[in-house]
Structures are given as structure tokens and as C-alpha cells.
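Novice: Here is what each chain is made of, one letter per residue.
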Amino acid sequence: MKKLRSIKEINEKIAKGQVVVATAEEIISMVEEHGVEETARRVDVVTTGTFGPMCSSGAFINLGHTTPRMRMSKVYLNGVNAYAGIAAVDVFIGATEIPETDPANTNYPGEFNYGGAHVIEDLVNGKEVFLEASSYGTDCYPRRKLEKWITLDDVNEAYLFNPRNCYQNYNVAVNTSDKTIYTYMGILKPHLGNANYCSAGQLSPLLNDPLFKTIGIGTKIFLGGGIGYVAWYGTQHNPNVPRTDNGVPRTGAGTLALIGDLKQMNSRFLRGVSLLGYGVSLQVGVGVPIPVLSEEILRFAAVSDAGIMAPVVDYSEAYPQGTGGILGEVSYADLKSGKIIVQGKEVPTASLSSYPRAREIALELKSWIEKGDFTLTEPVASLPSADFPVQFSRENKQKEE
Amino acid sequence: MIRQKVVLRFPADVVEQPFIYTLAKKFNVTANILKANINPRKEGSMVVELSAEDEDYSGAMDYLQSHGVIVLPLAQQIVWLEDRCTQCGACVVICPTNALWVKRPEMTVSFCSEKCVVCERCLKACPARAIEARYLDEEGE
Ligand code: SF4
Ligand code: SF4
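If you read the protein sequences in the order shown, they are chains A and B. The opening residue of the first sequence carries number 1 in our numbering; numbering runs sequentially from there. The opening residue of the second sequence carries number 1001 in our numbering; numbering runs sequentially from there.
Any given hint might turn out to be false.
[What the hints assert, rightly or not] Residues of chain A clear of chain B, computed beta-carbon distances all greater than 10 Å:
id, residue
1, F60
2, G344
3, A386
[Said to hold, decoys possible] Per the computed footprint, the stretches of chain B lying under chain A, defined by three or more beta-carbons under 8 Å from a beta-carbon of chain A, are:
id, region
4, 1057-1070
5, 1085-1093
No lab work stands behind these hints, which were simulated from the structure alone. Because the structure is a prediction, the values reported are computed rather than measured. Glycine is no exception: its CB is placed at the ideal position from the N, C-alpha and C atoms.
Throw the hints in and build the complete structure from the sequences for me.
Specialist: Next comes the structure, spelled out in C-alpha cells:
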């Protein structure tokens, strides 16, 4: 595969203000109009974006030392437990943690109005958060109790560290039972009343680089409105799944573990959300730049909603029981039309991931790069990928000619 | 059985009388107070949910009106907090009237208050809690 440019060359163009960037949405029509070869020659970087609830998220915070010193062993932030089983004043606040006093689903469907994700959002918004800490006391850390109001400015370090974000594709959730169910995929009405999906489709980072040709460990990204990095492959990362001819997974596949400075983030791109009857989650905004190093890379990034398939899964039976089996496959173009056909029935669709906000993130990252505020990085190691003999569709090949 | 949300307005000269107590004692009307305040002119207003048997309810209404209390139907309004809305679209399959709707292909979500029937289904269905119900009395307060 012919190499068009290197990341170093792209960064030189960024420095000179000559870089050409397009979002993963804009690139689709450019390729349709001018073909892969010409577009690849013209465009240096494609920016992607996604903004959806990502439960496997949280933040490490160093709360700072007190006088006398304290080895905090139980810590609450606004009544939400933060894990303190690490060094003296380090804690991890998980997105889905809820206060011990929350009635949860004993009051079905539980409302889950506040949790760890909301604590993170409050901190990012500069709000005061109530810290309660207790300790058993040691010779070097005698203090046993602390209660005070803190803000993000008061703590030493605070960084988001999300073990699993950016799922590469996901299920479309439906309910075939005769009662409403409340899931992490939202409210699912009985008798196939609605179908919920959760991916930015053609804008989603890992769907634009399905075999991880450019995204790797160390890749610099947009995270929650600030700069972050790919720290590792995410938990449940599984590249060995069925794929369409263009290499795109037909089901949930790769994931990313992400890290970034909370102090740079803002709540437009980092939001606590309450999923009725399920729990609390953090809506995370992620944007990943894809350097157009070859025509092949551009061809992957030019994928459109019509070329991305997702499985329709019954969340009243097959999913909770773990029995597998799907009710069909639909494309993101079908999902975004507002209705899909499942078992012969027309089913209205809804998304949990915000497509307009995903577009905003891709555009924001594009402007950072164009302004020279964001340069691209070479991954320090690759993500585990799959050997997959990609065959681009005939249609695509013709356009190229 | 009647259950209704109403606005009660108390002129300054009757504001200190124990109406809620009398409603319960004399008419078996349960009053759940949702909002209450007294303005600088010493006039009171209260948003209450009243529940009672049909006959008791009409007796209670007569009693209130004969004592100078004005009873107004409650207008409730759904407010969409555009700034809080993340434009996810989760609410559109929950809303029965398309008051919350998606413009395609942009996929942006908007709210059309004329179409809203105040069923309140969207309130807890919105993950970002971007929709609120507000009680409005006749003056739109
Ligand atoms: S209150 Fe009911 S009708 Fe009004 S926007 Fe919400 S769901 Fe739709
Ligand atoms: S569910 Fe809430 S956040 Fe999502 S589009 Fe509807 S109003 Fe906006």
C-alpha cells in the first residue's frame, strides 16, 4: 500500500497552518464526489467523534494532604463512595456509583438522580463538592476524620481514567416481552415498541479505523473537551468478530481505555446521566484524529451509515439470559431513518448516543488541528487487531477509478 | 373520587384562616400542597392537589368560594432545557405526540410545546434530566 505522508509530515503542515482536515461525515461526500485517490491526496486528517453514555468510566483524584496527615480509608464525595484502597489521599470515583442511601430499584423503576458521574460533572463545572473521609489512624497518619467542601481547583491531580470507552459498534436493543423494561439501553416498550441504539455510526472513532491501522496506545485524542490519550485497549476488547466485506465489525468489538486531565474538561462533553430503572452513567465525548497515511486508511474512514451493520438483540430474554441469538441485522442508515423492520414489524428507533454532539466534537477537533493547537501522535504500540482480508465493495472500487 | 390539581388564591383578609384544616375536617378532602406563597400585599396563593369523594369535593368548592377564596384550574407546562439537552434522542420514542421530535438527517432534537399534552412520560426518560414540569397559575407565575 502506497504511503502518502507520515505523521511527522502532517505535523509540519499543522505547524505551517497548511493542514487539510475533514470530519468523518464530510469525508463521505468528498470521496463520493472526487474518489478515494484524489481525496486521499488532498486530505491529511479525518476527525471522528462520539458522545454516548459510557459506564466504564471514572476519575482518579489526589485530594491533597491535611494537617495533621490522614490515610483516608473511607471517602465520600457528595455522599457517593469513592474507592480509597490506594495511597493515603488518592481515590477513584466511579461513574456508576450511587449513594448508599439511594433506594435504587427497591422503588422500581429507580430514578438514579445522582451518582459518581454527577460528582465528576459537578467538579468539572467548578461546583463545590462535600468531602467526608474517615481513617483508622496510624503513627504517620494520625488524623481520623475530615469533612470539608472542595472544588476541582483545590485537589492536586484529577484525571479521568476510563477502562472501557468508544465501543466499536453495539447492539440495537428491543423488547419482545409484554411489559416495559428498563435497561442501560434505555426504556424498551413491550412488543417491540421501540429499538434503541448507541453509536455515532459513520462518525464513531473505531468504526472509521476498524482494524486499528492508526489508532493505538498513546494516540492523542479529544476527551471530554480537553486533551486525552489512548492508555490501553479497553476491557472486553474483542477484534475477532464477524465483519462485513469492508472490514467493519457487525457487532460490538474493539474498545479503548482512555485517560485525560479532568481539569481541562467541560460539561458540554462530560455529563452525568440517569438511566431510569438502571442506574447512573457518564456521557463521555471522545474525538480521535485519523491521519490519512494511505488510500486504504482513507477508504476505511469514508465508511457511511449504510455500510455499518448492527445486530438487533432482545433485552427481555436473549441478553439477560446470555443465550445469544439475534433478531436480525440493520444498518445505521436504517436506524437513523427513524424506523426499522424487526420480525416483520415496523419499529420506531431512538438513540442514546448524541449524533449532533458527535458531529460537534469532530468539528471541534478539526478546528483545533487547523489552528495548530493539536498535533498528531504516533502510537507507541498497536492495539490487538484481527487478520481480516478486506474487500471493498465494487461500488467503492468504481468510484476510485 | 376526584383528584385534581388547582390553584387557590386567598385575598389578604382571609389569608390567615385555616382552610386546609377545614377541608380535611369538614369535607374529608386531602390536600397535598405542592407550592405556597404569600406576596407583599399579603395575598396568598397555593398549588394543591385535592382528592375527595365527588360530593365532598363540590361541598368544599362551595365552602372555599363563599369564603372569598378563588379556585383556578392549574395549568402545567413542560419546559425543555435546551442547554441541558444533549440531543441524544432517547425521548422521542417515549413522547406519544411527537412534541419531542428529531429533525432528519441532521438528527437534532427539538420540542414543540403546542403538541405537548403534559403526560410527563419524558421527565424521567430523559437521561440528562433536560425536561421539567412547571406549574403555572393564570398569571403564568
Ligand atoms: S410531557 Fe408527554 S407529550 Fe409532553 S413532551 Fe413529554 S412525553 Fe411528550
Ligand atoms: S432524552 Fe433528554 S437529552 Fe436526550 S434528546 Fe431528549 S430531551 Fe434531550
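Novice: Now tell me if each hint is right for this structure.
Specialist: For each hint, the structure was consulted:
no.	hint	verdict
1	F60	25 Å, holds
2	G344	19 Å, holds
3	A386	30 Å, holds
4	1057-1070	violated (count 0)
5	1085-1093	holds (count 8)
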